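A.B. asks: Residue numbers (the numbering used here), protein chains in the order written: chain A, 917 to 1241; chain B, 28 to 522; chain C, 15 to 177.
Just so you know, the hints here were simulated from the structure itself, not pulled from any lab data.
Being a predicted model, the structure only gives us computed values, none of them experimental.
Among these hints, one or two may not hold up.
Mimicking DSS-like on lysine-lysine, the simulated pairs with C-alpha atoms at most 25 Å apart in a straight line are [to be verified]:
no. : chain 1 : residue 1 : chain 2 : residue 2
1   : C       : K102      : B       : K456
2   : B       : K268      : B       : K310
3   : A       : K1024     : C       : K104
4   : A       : K947      : A       : K977
5   : B       : K456      : C       : K104
6   : A       : K1180     : A       : K1201
7   : A       : K1145     : A       : K947
8   : A       : K977      : A       : K1201
9   : B       : K129      : A       : K1055
10  : A       : K1234     : A       : K1180
11  : A       : K1180     : A       : K1055
12  : C       : K104      : A       : K1234
13  : A       : K1200     : A       : K1180
14  : A       : K947      : A       : K1024
15  : A       : K1145     : A       : K1200
16  : B       : K129      : B       : K310
17  : B       : K129      : B       : K456
18  : A       : K1180     : A       : K1091
19  : A       : K1234     : A       : K1220
20  : B       : K216      : C       : K41
21  : B       : K454      : A       : K1069
22  : A       : K1180     : A       : K974
23  : A       : K1234     : A       : K977
24  : A       : K1145     : A       : K1180
25  : B       : K454      : C       : K102
26  : C       : K104      : B       : K454
27  : A       : K1145     : A       : K1024
28  : B       : K216      : A       : K1132
29  : A       : K1024     : B       : K216
30  : A       : K1220     : A       : K1145
31  : B       : K268      : A       : K1234
32  : A       : K1191     : A       : K1180
Cβ-to-Cβ under 10 Å is the rule here; a few derived chain C residues that face chain B [stated by the list, open to error]:
no. : residue
33  : G17
34  : R19
35  : A27
36  : A30
37  : V34
38  : Y37
39  : Y39
40  : V109
Every residue, glycine too, gets a C-beta built ideally from N, C-alpha and C.
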Amino acid sequence: MKKLFTPIVALFLGAGLLLAGPAAAAEYPVKPITVIVPFAAGGSTDLLARAVEKIWPKYAKQPLTIVNRPGGGGVVGTAAVVQSKPDGYTLYLGYGSGHDVVMPHLQKLPYDTFRDLVPVVHLSTHSIAIVTGAAAPFKTLSEMIAWSKREGKPLTAAVSTRAGTVDITMRGLAKAAGITINTVPFAGGAEATVALAGGHLTIGGGHPSEVMPHIKAGRFRPLAMALPKRDPSMPTVPTLIEEGIRMSNWGSIKGVAAPAGTPKEAITYLEATFKRVCEDAEFKKLMDDLFQPIWYMNSAEFAKYLAEAYADYGQLIKDLNITLN
Amino acid sequence: MLDGLITGFSVAATPINLLFAFLGALIGTAVGVLPGLGPAATIALLLPVAYSIASPVTAIIMMAGIFYGSMYGGSTTSILLNLPGEAASVVTCYDGYKMARKGRAGVALGIAAIGSFIAGTIGVIGLTLFAPPIAEFALKFGPPERCALALVGLLMAVTLSGSSILKGLIMLATGLLLAAVGLDPISGKTRFSFGIIELQSGFDFITLAMGIFGLGEIFYNLETVAKTEIVTTKLGQIWPKTADWLRTRMAIARGSLIGFFIGVIPGGGAVISSLVSYAVEKKISKTPEEFGQGAIEGVAGPESANNAASSSSFIPLLTLGIPGNAAIAMIFAALLIKGVTPGPFLMTERPDVFWGVIASMYIGNVMLLILNLPLIGLWVQLLRVPYGILAPVVILFTVIGTYTISNQAFDVYTLIGFGLFGYLLRKLKFEPGPLLLAFVLGPMIESTMRQSLLMSGGSFAIFVSRPISLTLLSLFFILVMGQIFFSWYRKKNRL
Amino acid sequence: MMGSRIVGFLIAAGGAAVAVYAYHYLKLGRMISPDAGFLPFLLGCSLMVMGAIMAARPSLVEAVATALPDDGFKAEDQEPHPPGANLKMKLFLGVIVLVVYAWSLERAGYFLATVAFMGGWQLAVEKERLFKTALITVLSALIMYGLFRYLLKVHVPAGTWFS
Chain A
917 MKKLFTPIVA LFLGAGLLLA GPAAAAEYPV KPITVIVPFA AGGSTDLLAR AVEKIWPKYA
977 KQPLTIVNRP GGGGVVGTAA VVQSKPDGYT LYLGYGSGHD VVMPHLQKLP YDTFRDLVPV
1037 VHLSTHSIAI VTGAAAPFKT LSEMIAWSKR EGKPLTAAVS TRAGTVDITM RGLAKAAGIT
1097 INTVPFAGGA EATVALAGGH LTIGGGHPSE VMPHIKAGRF RPLAMALPKR DPSMPTVPTL
1157 IEEGIRMSNW GSIKGVAAPA GTPKEAITYL EATFKRVCED AEFKKLMDDL FQPIWYMNSA
1217 EFAKYLAEAY ADYGQLIKDL NITLN
Chain B
28 MLDGLITGFS VAATPINLLF AFLGALIGTA VGVLPGLGPA ATIALLLPVA YSIASPVTAI
88 IMMAGIFYGS MYGGSTTSIL LNLPGEAASV VTCYDGYKMA RKGRAGVALG IAAIGSFIAG
148 TIGVIGLTLF APPIAEFALK FGPPERCALA LVGLLMAVTL SGSSILKGLI MLATGLLLAA
208 VGLDPISGKT RFSFGIIELQ SGFDFITLAM GIFGLGEIFY NLETVAKTEI VTTKLGQIWP
268 KTADWLRTRM AIARGSLIGF FIGVIPGGGA VISSLVSYAV EKKISKTPEE FGQGAIEGVA
328 GPESANNAAS SSSFIPLLTL GIPGNAAIAM IFAALLIKGV TPGPFLMTER PDVFWGVIAS
388 MYIGNVMLLI LNLPLIGLWV QLLRVPYGIL APVVILFTVI GTYTISNQAF DVYTLIGFGL
448 FGYLLRKLKF EPGPLLLAFV LGPMIESTMR QSLLMSGGSF AIFVSRPISL TLLSLFFILV
508 MGQIFFSWYR KKNRL
Chain C
15 MMGSRIVGFL IAAGGAAVAV YAYHYLKLGR MISPDAGFLP FLLGCSLMVM GAIMAARPSL
75 VEAVATALPD DGFKAEDQEP HPPGANLKMK LFLGVIVLVV YAWSLERAGY FLATVAFMGG
135 WQLAVEKERL FKTALITVLS ALIMYGLFRY LLKVHVPAGT WFS
């Protein structure tokens, strides 16, 4: 037996080395690219990712692999990307969301949103529709504010995550209008919408793709849009500004980021491919169905846009003196 | 409605749809048996395949097959190896594994498969007949109601605590604490992570279950016996006998109903229904002391419940466009991408999709039964493998399964840690079941309670001012009082 | 009895630690919005109480003798606890082999690490024969790989030592 020991071990080692595979030295990308979406499946960000995933193979030889890593309002998934190897094979889709531009003003995150991540492209900005149940005793935003002041009771609002963009929008709205809104966070947009659909809260905020089916079914009534200009997918809904609420709202920015240190060639390749995807006719149709506008920005433009949004949210939070209780 | 079903069957019975239904069922069973990957993650991985399939009906038929197929598969490892593949199968481990140790593995697997089939079929029939009103009913379950329901489920978990209620409560508390590790969604703060970044997302159920149940048992056996075979008695009974049938038919019926109604409620439906079913069977049984030692109703009831629940969890998706759990959410996303909007108009706008899916669920249940029954003979043979070989293979199984959850080695270290913990629990005679179930239900109870308080402005009155939650909470208190009263009564009479 | 007392005491101590951590680092919050530390604090306190009860009255947790027929464990395979050292060593070795496996999985890649693990386990822990070990090792590694990689399409690590 002892005589056979060495050759057998050598056999195993050899087989192991063979199967381990040679190092990749060819052109990027040589294997599928993992895209982490730090939100639950079925949400607006996830849908955007899936739409991109569907069209991507038309313009790239390697496909995308979407991985949902929800948790902590987006922090868990983003942290995973921050810690991954910056070789261009792990990306973060959803860059610019609430936990990137709002949360850092309110609490410390385990990474630095702007130093540890590099913006690649901007894909879309998701609007936030403020809706109420059809049984509510008010039909417009101003009626709602008047009702709340008259009744003296606080409104309850279903929001997708604590300190996310919807949460801040609701708080900002409350402060600007002089009423009290208690925001109730859920584990994502889908759960929040369900709770609102059941009539358990007064109002809620969500993306058109989440609330549209319920509006059509007569269960929800839209009150306002948190956007600088009206959303083309819901043109009859006034913006907050039109309704007299003076507060800046950037909507929910959705872009793509890579961990800091990702090689320049990878980023350039990604910029170019994403651009082709955004200009694809089938992609446009998909995004229309999902009520998501396409708005391509390359890395430099996106970085500037993000910085503005971040500073603006910081100002909003300071002006309205918003804290995490 | 009948012509809807006929349309549905004509759609579902096309060769290509039948093929994909079978494929889905096959993959689903594999997913259920193999630890680590759950139906949600698998469906996500196979979404690109779904894109390339032209017809949305075919795509959703396959994904639905994966989903309820995994419910069938989950019971297999629970019964054979005491390894719960997912939360809804934990309860099956109790009596199922004990039956396997007594040489009745085939019977357990058979009853589980047949019960699942009957329950799944009842579930789909219920879906066909009652979908819209049930969906509306499910919507009424807001945070206070779900909190109350989860509390009832937790109470039922105490019935699994074996001989000492105090130890069971300690396990419950520990399970709740383990669930608190990680990010707290309501406040946004991280708890008990001690700076370790991998702990930010908390522990995964699979790692916990594999560790405590799987590795823990293996470690324990390493120490206590030199060599053992899992099955020591004759392998004779592969098929359930008539006597087994008679005992279980009511359990299956009850389980199906329980699972059907509780499964519609978003979040935790399958787990809670398996718990409620087990507790009900134990209470109703004329031989309650058999429970925990291999009572066949303890397998039939919960298995039927969790299958009925997986059928009814499609109801909110198909009628309201609301996904009830992670796997259904994936199906929801896929439908949207394919241009089908699930929701109240699905029945009228796309009857082919609506009825096609329902019809394929009937077919799928039959396929799964045909797939699983012959496999039972195969699984039972597996048990004759000597433990010395089986143990490392099982360990390999759990390690790779755990690793693939998040692709980090840290999870494997955690697994080993839980394994040692499970070993300790066994040595100190603590029952791990309540811990696992508290781990699953805890977050639901905590978030819904805090959401309810936010909704009410800090007042607990919200729990009693709403009819459904009031009913559930009253049930909870009656059960607790009843339990306390009975044990006091029994103690008194013994003296 | 004494064992239960000690365990009870440890549980109570653990509960106290949790309660203190919850109180200090995570805030308890107000009634309208119980903060992150509220539930852990409650749980820590209840563990303190329950641990104390267990330590004070161990009789409460001793298993009730059940008058049931044997549950399938035949006498032959429940060997009376042999002199401890031998089997405790098995457990110790098993844990070591597992830890090494976890450590090497990402570095040496799936195949190599698994082969080393399966081999190591069977030889060191179970003291199987070499040929049987080799056969089972390679077979199970391959089958497991096939199942996870092709049926479920998940990737197993390729090994950082090699890339």
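A.B. asks: Please go over all the hints and tell whether each is borne out by the structure.
C.D. replies: Hint-by-hint comparison with the structure:
1. C:K102 - B:K456: 18 Å, holds
2. B:K268 - B:K310: 24 Å, holds
3. A:K1024 - C:K104: 46 Å, violated
4. A:K947 - A:K977: This hinted pair holds, its Cα atoms lying about 9 Å apart.
5. B:K456 - C:K104: The given pair, whose Cα atoms are some 21 Å apart, holds under the 25 Å limit.
6. A:K1180 - A:K1201: It is violated: about 31 Å lies between the C-alpha atoms, which goes past 25 Å.
7. A:K1145 - A:K947: Not OK: A:K1145 and A:K947 at ~41 Å, beyond 25 Å, violated.
8. A:K977 - A:K1201: Between A:K977 and A:K1201 the Cα gap is close to 23 Å, so the pair holds against 25 Å.
9. B:K129 - A:K1055: With a Cα-Cα distance of about 66 Å, the restraint between B:K129 and A:K1055 is violated, given a limit of 25 Å.
10. A:K1234 - A:K1180: Given that 25 Å is the threshold and the Cα spacing comes to 36 Å, the pair is violated.
11. A:K1180 - A:K1055: 52 Å, violated
12. C:K104 - A:K1234: 62 Å, violated
13. A:K1200 - A:K1180: Violated, at roughly 28 Å.
14. A:K947 - A:K1024: Violated - the C-alpha atoms of A:K1024 and A:K947 are around 35 Å apart, more than 25 Å.
15. A:K1145 - A:K1200: At roughly 20 Å apart (the allowed maximum being 25 Å), A:K1200 and A:K1145 satisfy the hint.
16. B:K129 - B:K310: 24 Å, holds
17. B:K129 - B:K456: 21 Å, holds
18. A:K1180 - A:K1091: At roughly 44 Å apart (the allowed maximum being 25 Å), A:K1091 and A:K1180 break the hint.
19. A:K1234 - A:K1220: 21 Å, holds
20. B:K216 - C:K41: Within the cut-off at roughly 10 Å; holds.
21. B:K454 - A:K1069: 56 Å, violated
22. A:K1180 - A:K974: With Cα atoms ~23 Å apart, A:K1180 and A:K974 stay inside 25 Å; holds.
23. A:K1234 - A:K977: Roughly 47 Å separates the two Cα atoms, so the pair is violated.
24. A:K1145 - A:K1180: 35 Å, violated
25. B:K454 - C:K102: 13 Å, holds
26. C:K104 - B:K454: Judged against 25 Å, a Cα distance of about 16 Å means the pair holds.
27. A:K1145 - A:K1024: Violated, at roughly 32 Å.
28. B:K216 - A:K1132: 37 Å, violated
29. A:K1024 - B:K216: 9 Å, holds
30. A:K1220 - A:K1145: 20 Å, holds
31. B:K268 - A:K1234: With a Cα-Cα distance of about 73 Å, the restraint between B:K268 and A:K1234 is violated, given a limit of 25 Å.
32. A:K1191 - A:K1180: Distance of about 17 Å is within 25 Å: holds.
33. G17: 7 Å, holds
34. R19: For C:R19, the interface hint is violated, since the closest Cβ of chain B sits about 12 Å away, which is over 10 Å.
35. A27: 13 Å, violated
36. A30: 13 Å, violated
37. V34: With a closest approach of 13 Å, the C:V34 hint is violated.
38. Y37: Since chain B brings no Cβ nearer than about 13 Å to C:Y37, farther than 10 Å, the hint is violated.
39. Y39: 9 Å, holds
40. V109: This hint holds: C:V109 lies near chain B, its Cβ roughly 7 Å from the closest one there, short of 10 Å.
The structure shown violates the earlier hints numbered 3, 6, 7, 9, 10, 11, 12, 13, 14, 18, 21, 23, 24, 27, 28, 31, 34, 35, 36, 37 and 38.
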